[in-house]
Amino acid sequence: MHVEDLTGMENGLLFAELYGLPKAEALAAFATLFTSLGLDDALDVPTREYSYGMKKKLLIAEALVHDPDLLIMDEPALGLDPPSRAALLRILEERSAKGVCTLAATNEPALAQELATTVVLLHEGEVVAHGSPSELLAKVGSATRIEVHVAGSPPGGPTVTDPPFTGLPADIVSIQGLPGRIIAESRSGSDVLPQLISAVLAAGLKIERVEIREPDLTDVFTLFTGQALGPARPTSSTGR
Amino acid sequence: MTLPVWRTEWLTALRRRRLLVLNTLIPLAFVAPIALSSAPAVHSAAAFTVLFALFGTFGSSIPLIRDGESGLLRRYVLTGVHPGGLLLERVFATAALDLIELAPSVLVIVVARGSSAAQLAMVVPAMILGLVAANVLGALTAALAKSVAEGALFSAVAALLLLHWAGTFRTPVPGTWQATLETWNPFRPLHESLLAAAGAGGPDLDPVLFTIPIGVTLALLVLITAAGRYTIGLGGR
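If you read the sequences in order, they're chains A and B. Every number in the working numbering is 51 more than the matching position in the first sequence, counting from 1. Every number in the working numbering is 5 more than the matching position in the second sequence, counting from 1.
No wet-lab data here; the hints were simulated from the structure. Among the hints, a few may not be true.
As the list claims (entries may be wrong) - Distance condition first, Cα-Cα at most 25 Å in a straight line; then the derived SDA-like pairs of lysine to any residue:
{"#": "1", "chain 1": "A", "residue 1": "Lys74", "chain 2": "B", "residue 2": "Val86"}
{"#": "2", "chain 1": "A", "residue 1": "Lys106", "chain 2": "B", "residue 2": "Glu74"}
{"#": "3", "chain 1": "A", "residue 1": "Lys106", "chain 2": "B", "residue 2": "Arg22"}
{"#": "4", "chain 1": "A", "residue 1": "Lys106", "chain 2": "B", "residue 2": "Pro177"}
{"#": "5", "chain 1": "A", "residue 1": "Lys106", "chain 2": "B", "residue 2": "Pro130"}
Small disclaimer: the values here were computed from a predicted structure and weren't measured.
If we strip away everything but chain A, and leave its shape as in the complex, we get:
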């Protein structure tokens, strides 16, 4: 969606001009944006030679150059390298701090949770939930989810909720055995981890890895739709 024979800067100036921005103002705004997004080295390169991520960064810079009152973005962080993603989040946070509205469509719950003041969850064209991230997260409770991946099936088959595991602390509010993993929910975060691991080892199972995940908007989506929103991503992971 660029004029492929023009360089990054020429494309940027073209769209700034179409937005009605004077050239001097556009150059000043681009100087900051291109540096933040890590495009400085590619400004004199025709955009036909840009990678997907570079084109995405240029699009973002072009969209932001005239400091619009309303910014509508579709998957804003898709294809961005981590530094550029961080820069984008910082830019959007600065806009938000100034009270300027940004509407973003995303399949990344972490992005929405991190940035949004209001989240609208859509499923098959319908709104299934909306509210601030904290309001939505309150709907799934605050229990930390600990997944212990084990070799083979845990004793008792896929629906075990009580011991064979013994010595579990009271802060573990539920425990479930599934093929290849045990899922526990804890009221006290990862503090219960030593006792949980001891109990699993005492049951004669070999632990492959442990994932600890705080509830996020993926869980909210699953709660309201009964469907997972892509593979769950742990916030931290340990292994043996």
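Chain B: place on chain A using the hints.
Chain B alone, transformed into the frame defined by chain A:
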């Protein structure tokens, strides 16, 4: 008035040097053997007119379709630029580029056929009018096409039909409805001027020949400006 789209078209054309050279040499390779041969003026002029008209129509239609498919036109319009203004800038830029690329071919015709200065003075405005009309026609066919192949087909059929109605492929029969229609056709001055320049003799500069076709071309320009959103394929979206 800064005309960013017009400037972009020029900048893009200058960047694509290979294409610029090919767009100059290929018409020349077609025109030169005919102009230098003893082919009758009536046949030579028909060949030149068809080439120039198709050159303009294709050159407008195909890039518009390609830019529509890539989403570039939509991006332009989302900036708030008027679709009609955008289209006008593109039509005039591509027509001007066509004129430059075809200038060596015209020069070869004039020199090879020993045309008079008056005949050349008629060819130049006729070329400008014909190329603007061809580019407008290309923009209109681009609006109907859903692919580059369709655009090429629609452009060719529409241009050839208009060339037929301009009297390019037949002997004029005064007093018929076709003869009346000819006087409205923006390609007629192009054909008539090339016919004269190719050796058929008169008419020399005849301003009356241009009056109605210029009016028709201006009306088409107003039409595509007013219906710009539809003409660049974004109508209803």
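Here is what the structure says about each hint:
For the hint linking A:Lys74 to B:Val86, the alpha-carbon distance of about 17 Å falls within 25 Å, and the restraint holds. Between A:Lys106 and B:Glu74, the direct Cα distance comes to roughly 17 Å. Compliance with the 25 Å bound is thereby established for this hinted pair. Annotation: proposed proximity of A:Lys106 to B:Arg22 holds, straight-line Cα distance about 24 Å (limit 25 Å). Proximity of A:Lys106 to B:Pro177 is assessed by CA-CA distance (about 56 Å); at most 25 Å being required, the pair is judged violated.
Our distance criterion of 25 Å between C-alpha atoms is broken by A:Lys106 and B:Pro130, whose separation comes to about 42 Å.
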